[in-house]
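Produce the complete structure using the sequences and hints provided.
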Amino acid sequence: MTATSLTIGVLGPLEVRVDDHLVNIGGARERALLSTLALAPGSGVTAERLIDVIWPADPPETARAQVSTCVSRLRRTLTNAGVDGRTVVATSPGGYRLRGADERLSPGAGIRVDAEVFRKTLACARNAATDPEAVDSYREALGLWRGEPLTEFHALHGDALRLGEERLEALQSCLDLELRQGRHRRVVSELQELVSDEPTREQLRALLMLALYRCGDRAAALDAFRDGRRLLQEEIGIEPGPEITRLHQHILEDRVPSPRVPAMRPPPRPEHPRQLPMTPRHFVGRADDLAFLDSELLDSELIGSDLTGRDRDRGPRGVLLTGDPGVGKTALAAYWGSSRPHAHPDGQLYVDLGEPGSTTHGHLSRFLRDLHVPQSDLPSTVGEMAAVFRSRLAGRRLLLVLDDAPSVDAVLPLLPASPGCQVIVTARGPLPGLVAHTDFRRRPIEPMDEMDCLDLVNCLTGGSRATDPADLSALHDATGGSPRELRDLVVRAVDRGATSAADVVAVAVGDRPEGTVCGVAREYASAASR
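First residue of the sequence shown? That's 1 in my numbering, and the numbers climb one at a time after it.
These aren't lab readings, by the way, just hints derived from the structure by calculation. The beta carbon of each residue, even a glycine, is placed where N, CA and C say it ideally should be. Don't take each hint at face value.
As the list claims (entries may be wrong) - Computed spacing ranges between beta-carbons, pair by pair:
1) Arg442 to Ser339: 17 to 25 Å
2) His342 to Val382: 30 to 38 Å
3) Pro242 to Gly395: 51 to 59 Å
4) Gly100 to Arg441: 36 to 44 Å
5) Arg126 to Pro277: 23 to 31 Å
Printed below as a string of structure tokens:
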């Protein structure tokens, strides 16, 4: 059975999972190698750096060859676990690299490194529109930690310290925001434990003083300052900084500002989600497919605001777009949705159901947050979350795109009940159970015809139309009418000097002499045959 996800955890003891199964990376050298690569997913790591980590003191003369052997063993272990080891650990100039999160291992399968997810989630916290949303993201990021990182690799001690500092700074920012929201009773115990572990970190001690004071324990807040001052004087020989000293004075004078209570602030104006993927710059053809979407999703009284009793009994208007990878299902859905915003004024929700490691619980949780349901109000079970989701969409006119659906079970819990909503599901197969459970109509998405292929090439190159029917047929045959393959071919051709559709055709058929763009044709044919 083909695996759908590879998860590598370095925020604690090294942990590797393929889908939900733990993988034993037994050799110490292989563990050191994988940990080093996982600290920089998507980036190359030199063989010299790997040698320094595996043999920090006295590397053998055959170290480089042994690194290659370690890589082979690691790849074999991963392959035996269900993922392509050579794809996961790729060769790069001068060394090796671990595939990044944006690089699929295979259609529907990908990689996830917890340290990378941690940093991305922290970025979401820092850019959050409101304090509660920021706290939710901080807590989500901090929840990825399982213990001390990289403890078994002395040469990675510096990386471990940097990760630990990032965690402390994130925790400090999170606790500061929670105190600003008046959650002092919730965080005081956590702050006491942190200050015990990091007694010289003044910002944490200041937060503890503030929490104790707001909990009504003014004496304990003053004691916390005196303990910290004594520690700094005895161990470092310095006085406390001006900020914590100022807070101490305010506590003495009983004039500490009150926390900002969220309920007293005007709520932020909700924004409608606009989540459709970016459409290709040049979208050609598909007139019949667009007309089908219009007829199924727009040509109904359901789009109006007045819903009759019969309409209220109906579910959302929906379609299922099926076809091979790269044929343009997602681009079609995104183009239709973005070009008809009047049909869904309450927004657009999008999710890639084929994303490795994704779950229905995770999708519903994200949708509800996007619809401004606080994290603290989210139910715990999928069934309860689905019910809240349907309630939130009741009476709304919203487009929901469920992309790359692997099964009917992945789709059904995410369907709204409101007849004002439109749903586009994309999948590779027909998903017969979906039609049985809904009145969705299926639309197979076919490859582009020859003229649409030529129009797309002309748009991408800015050249003039080629008219030779044989050349046109060759261009279509070389790409199978796949927009993705055609764009890839154009990129290859332009990199070698192509400036017109005729040049791209020459690349496809390989009829140019040596030294011109026909070299791309051989590259393309070789790549296509693999």
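Each hint tested on the structure:
no.: 1; hint: Arg442 to Ser339: 17 to 25 Å; verdict: holds, 22 Å
no.: 2; hint: His342 to Val382: 30 to 38 Å; verdict: holds, 33 Å
no.: 3; hint: Pro242 to Gly395: 51 to 59 Å; verdict: holds, 55 Å
no.: 4; hint: Gly100 to Arg441: 36 to 44 Å; verdict: holds, 38 Å
no.: 5; hint: Arg126 to Pro277: 23 to 31 Å; verdict: holds, 24 Å
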